[in-house]
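Asks: Residues per chain, in single letters:
2 protein chains.
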Amino acid sequence: MHAISFIQDLAVIMLIAGVVTVVFHRLKQPVVLGYIVAGFIIGPHTPPFGLIHDEDTIKTLAELGVIFLMFCLGLEFSLRKLFKVGATAFIAAFLEIMLMIWIGYEIGQFFAWNTMDSLFLGAILAISSTTIIVKALNDLKMKNQRFAQLIFGVLIVEDILGIGIIALLSGIAVSGTVSSGEVISTVGKLSLFMIVALVIGILVVPRLLAYVAKFESNEMLLITVLGLCFGFCLLVVKLEYSMVLGAFLIGAIMAESRQLAKIEHLVEPIRDMFSAIFFVAIGLMIDPKILLDYAWPIAVITVAVVLGKMISCGLGAFIAGNDGKTSLRVGMGLSQIGEFSFIIAALGMTLQVTSDFLYPVAVAVSAITTLLTPYLIRAADPLSHTLGAIVPAPVARVFGLYGEWLRSIQPQGQGAVLAAMIRKILLQVGINLALVIAIFFTGAFFAERIGVYFSDWVSDVGQQKAWIWGAALLLSLPFLIAAYRKLKALSMLLAEISVKPEMAGRHTARVRRVIAEVIPLLSLMVIFLLIALLSSSMLPTREWLMLIVVVAAAVAAVLWRWFIRVHTRMQIALLETLGNHPES
Amino acid sequence: MHAISFIQDLAVIMLIAGVVTVVFHRLKQPVVLGYIVAGFIIGPHTPPFGLIHDEDTIKTLAELGVIFLMFCLGLEFSLRKLFKVGATAFIAAFLEIMLMIWIGYEIGQFFAWNTMDSLFLGAILAISSTTIIVKALNDLKMKNQRFAQLIFGVLIVEDILGIGIIALLSGIAVSGTVSSGEVISTVGKLSLFMIVALVIGILVVPRLLAYVAKFESNEMLLITVLGLCFGFCLLVVKLEYSMVLGAFLIGAIMAESRQLAKIEHLVEPIRDMFSAIFFVAIGLMIDPKILLDYAWPIAVITVAVVLGKMISCGLGAFIAGNDGKTSLRVGMGLSQIGEFSFIIAALGMTLQVTSDFLYPVAVAVSAITTLLTPYLIRAADPLSHTLGAIVPAPVARVFGLYGEWLRSIQPQGQGAVLAAMIRKILLQVGINLALVIAIFFTGAFFAERIGVYFSDWVSDVGQQKAWIWGAALLLSLPFLIAAYRKLKALSMLLAEISVKPEMAGRHTARVRRVIAEVIPLLSLMVIFLLIALLSSSMLPTREWLMLIVVVAAAVAAVLWRWFIRVHTRMQIALLETLGNHPES
Chain A
-18 MHAISFIQDL AVIMLIAGVV TVVFHRLKQP VVLGYIVAGF IIGPHTPPFG
32 LIHDEDTIKT LAELGVIFLM FCLGLEFSLR KLFKVGATAF IAAFLEIMLM
82 IWIGYEIGQF FAWNTMDSLF LGAILAISST TIIVKALNDL KMKNQRFAQL
132 IFGVLIVEDI LGIGIIALLS GIAVSGTVSS GEVISTVGKL SLFMIVALVI
182 GILVVPRLLA YVAKFESNEM LLITVLGLCF GFCLLVVKLE YSMVLGAFLI
232 GAIMAESRQL AKIEHLVEPI RDMFSAIFFV AIGLMIDPKI LLDYAWPIAV
282 ITVAVVLGKM ISCGLGAFIA GNDGKTSLRV GMGLSQIGEF SFIIAALGMT
332 LQVTSDFLYP VAVAVSAITT LLTPYLIRAA DPLSHTLGAI VPAPVARVFG
382 LYGEWLRSIQ PQGQGAVLAA MIRKILLQVG INLALVIAIF FTGAFFAERI
432 GVYFSDWVSD VGQQKAWIWG AALLLSLPFL IAAYRKLKAL SMLLAEISVK
482 PEMAGRHTAR VRRVIAEVIP LLSLMVIFLL IALLSSSMLP TREWLMLIVV
532 VAAAVAAVLW RWFIRVHTRM QIALLETLGN HPES
Chain B
-18 MHAISFIQDL AVIMLIAGVV TVVFHRLKQP VVLGYIVAGF IIGPHTPPFG
32 LIHDEDTIKT LAELGVIFLM FCLGLEFSLR KLFKVGATAF IAAFLEIMLM
82 IWIGYEIGQF FAWNTMDSLF LGAILAISST TIIVKALNDL KMKNQRFAQL
132 IFGVLIVEDI LGIGIIALLS GIAVSGTVSS GEVISTVGKL SLFMIVALVI
182 GILVVPRLLA YVAKFESNEM LLITVLGLCF GFCLLVVKLE YSMVLGAFLI
232 GAIMAESRQL AKIEHLVEPI RDMFSAIFFV AIGLMIDPKI LLDYAWPIAV
282 ITVAVVLGKM ISCGLGAFIA GNDGKTSLRV GMGLSQIGEF SFIIAALGMT
332 LQVTSDFLYP VAVAVSAITT LLTPYLIRAA DPLSHTLGAI VPAPVARVFG
382 LYGEWLRSIQ PQGQGAVLAA MIRKILLQVG INLALVIAIF FTGAFFAERI
432 GVYFSDWVSD VGQQKAWIWG AALLLSLPFL IAAYRKLKAL SMLLAEISVK
482 PEMAGRHTAR VRRVIAEVIP LLSLMVIFLL IALLSSSMLP TREWLMLIVV
532 VAAAVAAVLW RWFIRVHTRM QIALLETLGN HPES
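Quick mapping for you: the protein sequence lines, in order, are chains A and B.
The first sequence begins at -18 in our numbering and counts up one residue at a time.
The second sequence begins at -18 in our numbering and counts up one residue at a time.
In short, the hints are calculated from the structure, not lab data.
The structure displayed is predicted, hence computed values, not measured ones.
Selected chain A positions facing chain B (Cβ under 8 Å, derived; list incomplete): (1) Ile(-12); (2) Val193; (3) Met201; (4) Gly208; (5) Phe211; (6) Gly212; (7) Leu215; (8) Leu247; (9) Asp253.
The calculated label-pair distances, taken between Cβ atoms and stated as ranges, are: (10) B/Val155 with A/Glu197: 38 to 48 Å; (11) B/Arg127 with A/Gln130: 50 to 60 Å; (12) A/Glu197 with B/Arg127: 18 to 28 Å; (13) B/Asn119 with A/Ser336: 51 to 61 Å; (14) B/Val155 with A/His26: 36 to 46 Å; (15) B/Met402 with A/Asn119: 48 to 58 Å; (16) A/Thr549 with B/Gln130: 51 to 61 Å; (17) A/Thr27 with B/Leu189: 20 to 30 Å; (18) B/Gln130 with A/Asn199: 18 to 28 Å; (19) A/Thr27 with B/Val155: 30 to 40 Å; (20) B/Val155 with A/Ser336: 44 to 54 Å.
Yeah, the Cβ is synthetic: ideal placement off N, Cα and C, and Gly gets one too.
Start from the sequences and build out the full structure, keeping to the hints where you can.
Replies: Here it is as structure tokens:
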């Protein structure tokens, strides 16, 4: 058959990978490193040369490896876990990513690399490696300790932020510049897309999977999962985002399915096969000459990764209220880079905006920091003892006071319940508004095409616009009403808290009612202005607008209860899917 | 990233395959048919056109599908099952394959197709489809009935014979002619290769897998399995056999591993993914125009498959001593063609010896016979009743008498034990001789290369040959000695049976001893002649030969016990692997 050279490549990759991983396992090093070394051995830059013939096909398979890696990361992600991670994870992850991007950028500038290389270096250093950390904590049997749980929380937040970084970098790479307006617009659009995709996905996909799972055929379930995965990736690519984002999102959506355990089971061997090819393909690209030429930057970057992550994550954990020892452990556990860095480096290469040396440098730094990880984790406790002995007493007292102060300002009892309620209401309002905005965005996006389609019936462009805009408004009504009701509840709550009888005396009830009515109305007006701004391209003339708003108001008034019922049913479906989940 | 068209192809394939398989499952039809229909829908010959962009990559993945299909077939095969299947399976499978190849060839000639097309058509019709039969019997809940067990036995023998057919066809396709000498030589070489590969494989591979499994990492086990699978396929390809053969053999070898259940578990999702691509790729190639043009041959071939397989398998089962009802059920259960036919048709296409229409015709016949299978199985009992009523009483009595006669001639009690012993001894002698022949073959194959390597030390070509031949003889000694001892045991057994005291009187003991000594010696001489013939290219001069034989005889005499011990240890290792298997 004609694909013998391809089979030969696969045979060589799998054979060498198999041998090297066994060796690495015996040396108690992560399998991932073994794959990279295997790729290095069979690569074109080291003897024996020419073991791989069909490098293009291998690279295509390696991209499948990236998709499956991110898909499985998404499967392990789960929104519930994100909701559960505490302040520590958010603060530490933000601090780490900001600091590391900055440090990376500055290092690049120091070595006189160009702006893109510096920027990508920053992104490469930003995200720690889930694979490596899980492996190390497993080996050290520390997986169930508190600091390990904190680390997993940080990793979850990092995944989401990493996805954002990839989307941002793609945009920046295409436009070639970094403007804050663009960054905000990209982040906004991305958040909007993610929220909409997650809401619709969680409403549809788990139901679909449950239907297919009824047939009790592993094969059919697998093919459906793969179809959804690749199909969603394709959709995301058509929307000009990265495939990586699509794979992660659809994984996160499927993580809410009841078939999660089964799906993980079925997809894991496929991921293992393709990710092995991916990591071997990384090794293939390493040229020892580049490593020698860039030995100095590699050393600097390695030190920067270890110290930068240790300090930023440790500080973040401390600021969020953990004690010094735990904070240090969190910081030292996260001190490495891994698969995310490879994906970002690969992105730079395929977009052709980074230099050739960046990839091997990233791989080298990842290899070194990976090797260091277990030692760093084990060194955390002795180091915190040493630090405790060295740090002068007054400084230590300040740190202690900070912890006490933090605990004192944290809402307790009724206050904490209230804070949680407000958070929940704001989240719900946010999601509803995101859906409304998405509806108008979609309308604006398709307006021209729909216009052409309609032109036989409605010739006047203004009238076309009016119809589309009106339809969008009608579709948004359930979400707008829901948002309005939530906002009203929030303002009543706020009025109750802020207007005390001691202050307003006998006017208390009236003032409270005014506040409770005014705030939601004001917010609604702001929302309308926002929508008008966003959908400016398809905004009809003023007369039409007035007419539509009046009609919409009438519809809303008449169908108020029905809209609420529809929305409630969707909300229940969503919460059921999120809640009905077997513990895995 | 650059492989977007490829991802798009995968997305389209998986999405359509997912939808169509769900529909087919609801229609209670095999998923395989669904894949083919999905391929037909997205194919270039039917609207919507142009859904698939990167057909080459899809075909490469489809070949991976063939490899994984055959590998999993090998995993389910297992030598023990082959040893256990009774005469029914062998007789029915032989009869079926011979008849179907002949019928297929004649049909091809009838439609004035060329010789190669006719021959491949015969081969395409020869093997029934395990996938379809298992599915149908599952659906009908008949999997545990006696006739189903007989069918599974036939399928196992068919697999082995099918592998032989593929090897033969490859040889014939390259040389362009069919000579009986060539067929015998191909079958001989193939059997030799399979025996050697199985013996060495079963000695080495399960041990290796057990070692890797100790690390309790699914990933490492999977990568090792894939490495061995592709590596072995590559070796087989280098020996100019088909990759399909390699995948099946290494599967059969791994079937003897204790990790079988785990391996099946890990490989199944990968097989499902790639075999889906394989079957979809089959559908891609169907051009409805060809189907219309060849409607008449398709109808004839379909009838031939159903009737031919029904009669040949039914008759085979009956000859082997089953009652009419069971025989009919066996025959009607096997009345279809499937994956093996696709593989053979694909072989013809990639070797470029068959016409373009053969593949779609095979697919069409397979689709129709697949649809018929469940109805045929259900129709078997009514048909046997009808036949019982129609067939005239004398004919029925003849059939009944045949069954009785067969039971009367079957060895009973001591006779049966004796027959089993003789069979076992002959099998052991055969395996040992196969290994000896393989050693000399390998020697002859590498003789020239080794000669060049040795030329610095030993310049005389005759002397070189003597050394290589001598080394081969030395390596063969343990197996020769084992064969000799088994033959001696056999001749003693035969002498005991054939020379009765009533006949030979007081000479009984002496005659027996003579027979017991003469037969093994004669056999050994025949073996030596055979070896000399096979290794003629590297046979040394007569003086050298004499010297070597004398030396070998001396070595054999001195190390006799040691050789026996080595051989016994190997045999124990082999039997342990074959015996120590968890029931799956």
